[in-house]
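6 protein chains.
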Amino acid sequence: MALSARNHLKGEVSEVLLGTVTALITVRVGNNLIESVITKRSAEELKLRKGDKVRAVIKATEVMIEKD
Amino acid sequence: MALSARNHLKGEVSEVLLGTVTALITVRVGNNLIESVITKRSAEELKLRKGDKVRAVIKATEVMIEKD
Amino acid sequence: MALSARNHLKGEVSEVLLGTVTALITVRVGNNLIESVITKRSAEELKLRKGDKVRAVIKATEVMIEKD
Amino acid sequence: MALSARNHLKGEVSEVLLGTVTALITVRVGNNLIESVITKRSAEELKLRKGDKVRAVIKATEVMIEKD
Amino acid sequence: MALSARNHLKGEVSEVLLGTVTALITVRVGNNLIESVITKRSAEELKLRKGDKVRAVIKATEVMIEKD
Amino acid sequence: MALSARNHLKGEVSEVLLGTVTALITVRVGNNLIESVITKRSAEELKLRKGDKVRAVIKATEVMIEKD
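Chains as they are written, first to last, in this note's numbering: chain A, 42 to 109; chain B, 42 to 109; chain C, 42 to 109; chain D, 42 to 109; chain E, 42 to 109; chain F, 42 to 109.
Misleading hints may appear alongside valid ones.
Any copy will do: because identical chains look the same in the list, a pair fits if it lies in one copy or spans two.
[Said to hold, decoys possible] Cut-off 25 Å, straight-line C-alpha distance, at most; resulting in silico cross-link-like pairs (DSS-like, lysine-lysine): (1) Lys94 - Lys51; (2) Lys51 - Lys81; (3) Lys108 - Lys88; (4) Lys81 - Lys108; (5) Lys108 - Lys94; (6) Lys91 - Lys81; (7) Lys91 - Lys108.
It should be emphasised that the hints constitute simulated quantities derived from the structure, not laboratory data.
Let's have the full structure, built from the sequences with the hints guiding it.
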């Protein structure tokens, strides 16, 4: 199974914060912490827990570039 | 100047591909290659070139989580 | 492998239009035609062709609601 | 009135879940359930209720393609 | 007809640039120029021309905040 | 520091509503009110308060066009 999204970053869940509708998932990827807002339902269905091995997935059209 | 976007990943531009309206920018961040689609005009105004030090910036609501 | 994106719609590719950076992929899902803009590279790596069985995948935060 | 978003899928609201800031709206479209996260205020202003006839609207740049 | 997207900004088209797949539409809204990337097909179906009265429409989850 | 996002609209915060995971920030830009959903953490780290001078920042690929 392959997805067109260009960016799949391997990491480990470092925090799960559940709201009513959404959830904040923090993933350590190398030296970076990547934060993701998904639905609470997805967080529950994926049984996301601290320490889980996951990938942060990002569509290329959602990535901006910043330069000094 | 601070931006609400949660994810700012430091890296180096490894490729710039210009189309008519959009451009594909590839950034090496640690062991990952991150691909970004921005406007050609932004690529030109930022004078993006291979080797530039940049940050890939991503709003948390755009990040998905994948788990085996 | 499970992805947090809530919406996975089964369909069949009805058209592939390639640009320089991006590609337009049209997918028939039931009575609807769903259009997707992805990178040309993803279209090539997935070898997308008319008639392919695919899924259109959409993060819930990207879906709006319209009511009369 | 016409909107540039390419995807307008007719369906019926099957669930409304309100949080503090956001709301999760589930819409039956043919054989699929489509989930949408919008602001709670939009859900209230549109008076979204189970059974409402609505359209799920999605910009083409937000649609990914998945293939086996 | 009402759309859940929170932001509808009235303006006038100041430029239309067509690519193969996408198009860049610039809209003057008060003192600001707002740039939009949509599909070339939408630009053609809406017959977008310089001087057209339009609205730029943006989902609230796509808006970031920057502060000094 | 320059960001590829094409749209930076100067305004003043008129409301801050905090949820558990997300926050709704309303910004007056000229005659328009622009609403933004960001993470609660970003709202707290930026110390967003009514009356703050800010910019609403929007990637061009997230802007749709509506025409009568």
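Evaluated hints:
1. Lys94 - Lys51: both (7 Å within a copy, 22 Å between copies)
2. Lys51 - Lys81: Both. Shortest intra-copy (21 Å) and inter-copy (24 Å) distances satisfy the 25 Å Cα cut-off.
3. Lys108 - Lys88: between (37 Å within a copy, 9 Å between copies)
4. Lys81 - Lys108: This pair counts as between: shortest inter-copy Cα distance 15 Å, intra-copy 34 Å.
5. Lys108 - Lys94: Classified as between: cross-chain Cα gap 7 Å, same-chain 31 Å, threshold 25 Å.
6. Lys91 - Lys81: For lysine 91 and lysine 81, the Cα distance is within 25 Å both inside one copy (15 Å) and across copies (20 Å).
7. Lys91 - Lys108: For lysine 91 and lysine 108, only the inter-copy Cα distance (13 Å) is at most 25 Å; the intra-copy one is 33 Å.
In summary, the structure agrees with every hint in the numbered list given earlier.
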